[in-house]
Structures are given as C-alpha cells and as structure tokens.
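Which chain is which? The protein sequence lines are Z and Y, in order.
Plus 42 on top of the position in the first sequence (first one is 1) and you've got the numbering used here.
Plus 1088 on top of the position in the second sequence (first one is 1) and you've got the numbering used here.
One thing to keep in mind: the hints can contain errors.
What the hints assert, rightly or not - Straight-line alpha carbon distances no greater than 27 Å define the calculated DSS-like cross-link-like pairs of lysine-lysine that follow:
#	chain 1	residue 1	chain 2	residue 2
1	Y	K1246	Z	K207
2	Y	K1269	Y	K1475
3	Y	K1246	Y	K1275
4	Z	K207	Y	K1296
5	Z	K207	Y	K1301
6	Y	K1403	Y	K1142
7	Z	K219	Y	K1296
8	Z	K232	Z	K219
9	Z	K207	Y	K1275
10	Y	K1275	Y	K1301
11	Y	K1246	Z	K232
12	Y	K1269	Y	K1296
13	Z	K219	Y	K1475
14	Y	K1246	Y	K1142
Calculated directly from the structure, the hints in this document are not laboratory data.
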Amino acid sequence: MKMKKKIAWSDYMTYIGVTIAFVIVSFLKKGGALNRSQLGLLVPICAYITMAISLNLTVGILGELSLGHAGFMSIGAFSGIIAAMSLVNVIPYDGVRMAIAMVVGAVMAGIFGFFIGIPVLRLRGDYLAIVTLAFGEIIKEILTCLIVGVDAEGLHILINIDGSKTASDLNLLEGGKAIIKGAQGAVGTKTIASFTAGYILIMISLIIILNLIRSRSGRAIMAIRDNRIAAESVGIEITKYKMMAFVTSAAIAGAAGALYGLNYSSLAAAKFDFNTSILVLVFVVLGGLGNIWGSIVAATVLYILPEALRSFADYRMLMYAIVLIVVMLATNSSKAKDLLDKLKPAGKEEEQ
Amino acid sequence: MKKILAMLLALSMIFALCACGGSKEETKTETETPAAEAAPAAEAAPAAAAGAFKLGVQGPLTGGAAIYGTAVVNGAKIAVDEINAKGGIQFELQAQDDEADSGDKAINAYNALMDWGMQVLVGPVTSGSGVTVGAQAYADRVFCLTPSGSSVDCIADKDNFFQVCFTDPNQGVASADYMAKNYAGAKVAVIYKNDDAYSQGIRDTFVKEAEAKAVEVVYEGTFNESTQTDFSVQLTAAQAAGADMVFLPIYYTPASVILSQANAMGYAPTFFGVDGMDGILAMPGFDTALAEGVMLLTPFSADSQDALTQNFVAKYQAAYGETPNQFAADAYDAVYIVAAALEAAGCTPDMDAAAICEALIPVMPTISVDGVTGQGMTWAASGEVSKAPMAIVIKDGVYVTP
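If we strip away everything but chain Z, and leave its shape as in the complex, we get (with noise of 0.2 Å):
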C-alpha cells in the first residue's frame, strides 16, 4: 500500500516538475529574458523529451533494444508535414493543425509500429536490436524516395524508386504545391510547431507512459523484461504485451516527429539516420533505464549541452563527449551513489 501511494506520488512529481519547468520558461520567454538561441532551442528539446520517454518504453519498461527509433520520429515528421500542410487552407488555425498533424503522426507510426512489431518482436536480445536498426534504416530510405503533392484534386503520391521522377512528374494543377521533394526532403513547410504544443504532447505522453507502466498491462511488460519465462508461464501473453508497449512507444514518437518536422521550414528524411536513434537513446541511458524523470532530464541537459559549448569554438564537441563520458562515470560509480544516498533522506520528500 505504502509502495503505491509513493509510485503515485513520484508520478505527479513528474507532471507537476515539468508543468513547473513550462510555466517558468513561458514566463521567462513572455518577459523576453531569453535570447533567440534559447528560444531556438525550446521546441527541438520538447521533441526531443518525448522522444525519449517513448524510447524509454521500449528499453527501459520492455526491455527491448530498440536502434531504430529516429525511423518512427521520421515517418510521424513527414505524415505530420503533409497533413498540416495540405490541411493550410481548409483550417486556418494553427493550433488546431498542429493538433491534428501530431494525431495523423502518431497513427501512421502507430501503423508502422504495428507492422514493423510483428517481425521484429519474435526476436530477442541482439537481434532485435540488429532488426530494429535495419527497418530505421528502410523507413529512412523509402521517406527518402516519397514525392509527394498537393493540388485542388487532392494528393498526389509519388515513389521514386529508380531516382529518375522528381517534383514536376506530380503534374500538379496550377495552384497545387510540392510539399516533399524527394532526397530533399520537405522544403517550404509553414513552421507552425510551438513551445505550448510541445508542452501538451509531453503531457499526454507522460499521461499515457506513467499509467501504462503503473496499470496491470504495465506490470505485465515489466515481468515480461525481468523474466519472460515466468512470465510466460503465469499466462501473460508475450506477444500481446510486447506489441502494446512497442505501438505505443512508435505511436508516441510519430507525435513527436510531427512537432519536430513543423518547427522548421525544411526538413530532409537523412536528418533521422541512426546517428538519431543513438543520440535518443544515449538520452535514454544516461537519464536511467526505465526512469521517465531521468529521460525528460537527460534529454533537456544533453541537448543543450552542445549549444552550451559554443563559446569553446573548435573544441564544442571534444568536450560534448568529454562530458558524456564524465557524467557516465559520475553516475555509475559507486561512491558517487553512496553520497546521493547520504544526501537522499534531507531532500526526499520534496525528490521522491
């Protein structure tokens, strides 16, 4: 019972901590105490939580190294894109298109989720991480071939398989936009994406992450990752559960694509390569395995990080790594443990 109540308790911390964190930089930004960089910085960092709180189901709740996350950002960035994209004249709202390319995101990485799931998550161990990094890389190279249009008639579609099709084999009517060129990418998106949709999307994936983990579905993952043949042999369904956590982390990441793909006015699917996926990941890991705080920390810290360095010119990104190596170190040494221990019980029940 007391265990519970703490589980709870922790969770709200971890709304009312970032609802904290929005209201201060909102009132910082209202202020005009931030400079553009910082402003610059705000959305790509919410994408960036989201994505690794998603990715956190996956490996730290399921327990299933994932290498192939970007893929499912990137597929929720361009369905995102066109939808809102194609949606410029028929709603004039931003908030409201922003709302719906999210939701068009996350249920086209949902899909994709779902069919990449049914391979991949017969396997284990190393090879489900091989597998998931090749369909990243897939899902890369098909977005990459994708042209695609929108005129008075509706879309158009295009797949340039051979490389010989570019925008203009669309035959769009007069008035009709190319919205994704291809290897170009996106170019003349409306950049609608903003601080306050960012702050929503990590809400309600924080919503849905932290009740799934704490509802029966979730301890039934978590026994799952411990021990999948006690797990099996209770009468948990493998494959139902794996599925659950694998969707709803996909699903979870297209949203974020979506809002990363519509802060910037162009965007190229060889942005979301596996240098991507790693850097989700290394938020992932250095946040904790399976600590939803630990990632929304680690991924807001490390991303500022670089931009942080600036001032070191030349050196910004030895020393990016120099401090990825220390706080690795720092966190997984055993003094460095004892000592947070020690200062735990002051600051417990404001932390915990």
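Start from chain Z and add chain Y according to the hints.
For chain Y alone, kept in the frame of chain Z given last:
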C-alpha cells in the same frame, strides 16, 4: 583515492562548463573567442570596432564536411583583415558551427549569430543548411550571401539570398557542355548521392543537358549517406557498361573512396568532378597520386597567375599552411562582395539587420565585382551569380589549367 580524484576532476570540469553555459546570455563573452582567434584582425580593429558591421559565418566546423566550413571561415578572415586594414568599411566576424545539418542544428547556429547581433550572414556553407536557414532569414529580413550553398532551393522564392558559387543546375549544364565540346563520343557513367540535394540537383540537369548535347550516359549509379564507404558495385557496373568517363557530382570524401577502389580494380576512366570534388588534395591521409588526371569544373584555380589570386593564395598559405580551395576563395570573394554592396547602398554599421537587408536587395543586381573566383561577377535579382566556370585538371598533386 584515485576514484575520488577522478570525481573531483570531473566535478570541476562540469562546473567550468556550467559557468560557460551560464555566460551565454552575455553575448560579449562569446564574441571574444572568434576575435581572439582572428588575432591580427583583432589587434588592428579595436579602434574602429565601434563602427564595424557584424558579419556572421555559419558552416560545418566539425564533422564530415568540416573542411568546407573551415575553409570558408579562413577565407573570410583573410578578406576581413584586408578590408579592415584598408580603413573605410570595418567588419567584425563570428563563425558558428552547424555541422552541415539541415534541421535544428542549422537554426541553432543561426540563432547564436543573431543573438550576437549579426547584420549580414556570409553563409550558410552547405545547401541543406542554406535551405533551412534561408527560410528563417527571409522571415527575419537578414541579408544572406552564401559562398557555397549551391542548391536552387537556397535562393528560390527569397529576395534576400544571393550566391557566390554557381547553382547546381548550372554546374550540371556546364559539365555536360564541357564534355560535349572536349570529349565528343565519350561514354559517361554518373555516380551520385541520391539523398543529397546538391548531388541530385547537378545530376538532374547534367543528364538532361547530356541528352540535348548527345553525350551518351551509359550508366547511372546511386549511393547515399550510409552506403558511401563501398562503391565496388557501381564501379563494376560502370566498367561493364563500357564507360570511359565517370561523372561524380559529389563531395570529395566519397569521391576519394571511388578513386582508390577504381584504382584497386584497375579501372582507369577519366573522372570528372564539380566543385564538391575540390578539397580532395587537402584531405588528410589521401594519396594524391590517386587523383592524378581527375578533372573538375570550378571557378577558382590556385595556380592562376593574376595578381588577385596570387595575393590571396600567398596570404592563405602563410596563415594556414595549405593551398586554399574553392570554398575559401568563394568566402574571400563573398566578404568583398558584401563590402562592395554595403558601400554602394550607403549602409552604416548602426543600421539594423533588416534595414541593411532592404538596402542591399536593390543594390545587388547593379554591382559588378572582380574577385578570385571570377572577373566581373554580376547577380540576377533571383540571387544567381553570373560568371564563367573553368575546367582544371589535377597533375602531380596540384590543380593546373588543361
């Protein structure tokens, strides 16, 4: 004991970093770094610094394309030093790293420059970044002159974005024309990177023009970011198709792999590159013998005998110990072009970025600048430059005019 020491070191490092991060809001600290780097400029400048235009440069200073960004920054620094030493218009220069990214990092670098108070942007260096930043700069009304962002998407639908380099279509057309004229009857294979707007853009116009000029394209091979370490499939196919000329509208890193693999398999066609090939000789660890006989179309040749180029090359070699490539030359010209335009428009350093932008836009199509990458460069209102391309060939490890 050791562990504690390591932890202490780590902590002190983090604190140091936090301190740097915290100072971000005072843009003053940031400007010190580039100023200190451009030591000769900084020493001469302080007296006039109050009335200096703030010139921003953004490009890849780290990562795979770093050679371009660094060359651009170095070239721009030389031009800024020269202009500042002359008196008259004064410049202050700051460079930010965008890692050649086309998304958030490009915008982050741009925002860092805007916080510094940038008035004119010389950049972005790469096309992908140019498209993203260009759209933002268009909304913000900041004048952009890219030394090397050659995609048409950079200048499309923007009145404030101008190029020093050729656009990709022009490079493709010029390459096909050159082949039709000098290599009539050649069988051409094209190997290009289909997830790169730059490479795809040149290939599209090259193939179209080749068809019009009856240059026979016998094979087209593609690769992308993740497959650019092995080209045996494409090279074997090109060889099997009987290609005696291979057109490579790509950057020099994959090109170097192609050259060494072709050499290993004993396939020796004439390789023909465009401006992305420039820089291959300066690539660390690359055996320049492999590039023997490679042709490339570039507006700049370091061995050109005119006084302007000689002066630039000598200064560049003295400062950085290497022969400048085309990117450095483009950047050098870009700074002079900005200076000429500012002078023609009668701008003063106390004007804000938007006012300078509005003043420069009508002026650009009216000026003509002689630089190291071309005589009498002029601009269309669309942002495209007009100058003559020049074919050069690599012989004994240096560029020479054939």
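Hints, verified against the model:
1. For the proposed pair K1246(Y) and K207(Z), the alpha carbon gap of about 25 Å is at most 27 Å, so the pair holds.
2. Between K1269(Y) and K1475(Y) the alpha-carbon distance is near 19 Å, which keeps this suggested pair within the 27 Å criterion.
3. For the hint pairing K1246(Y) with K1275(Y), the CA-to-CA distance comes to about 39 Å; that exceeds 27 Å, so the pair is violated.
4. Taking the CA atoms of K207(Z) and K1296(Y), the gap is near 12 Å; set against the 27 Å cutoff, the hint holds.
5. For the hint linking K207(Z) to K1301(Y), the alpha-carbon distance of about 21 Å falls within 27 Å, and the restraint holds.
6. This hinted pair checks out: K1403(Y) and K1142(Y) have alpha carbons roughly 23 Å apart, not beyond 27 Å.
7. A C-alpha spacing of about 23 Å is found between K219(Z) and K1296(Y), which places the hinted pair at or below 27 Å, so the restraint holds.
8. Of the pairs offered as hints, the one joining K232(Z) and K219(Z) holds, with about 12 Å between alpha carbons and a cut-off of 27 Å not exceeded.
9. Restraint check for K207(Z) and K1275(Y): satisfied, since their Cα atoms lie roughly 23 Å apart, inside the 27 Å limit.
10. The hinted pair formed by K1275(Y) and K1301(Y) meets the criterion: a straight-line CA distance of about 13 Å does not exceed 27 Å.
11. Straight-line distance between C-alpha atoms of K1246(Y) and K232(Z) comes to about 15 Å, which keeps the hinted pair within the 27 Å bound.
12. The suggested pairing of K1269(Y) with K1296(Y) holds, with an alpha-carbon distance near 16 Å, which does not exceed 27 Å.
13. For the proposed pair K219(Z) and K1475(Y), the alpha carbon gap of about 32 Å is over 27 Å, so the pair is violated.
14. A distance of roughly 22 Å separates the Cα atoms of K1246(Y) and K1142(Y); the hinted pair therefore holds under the 27 Å criterion.
In this structure, the hints that do not hold are numbers 3, 13, in rising order.
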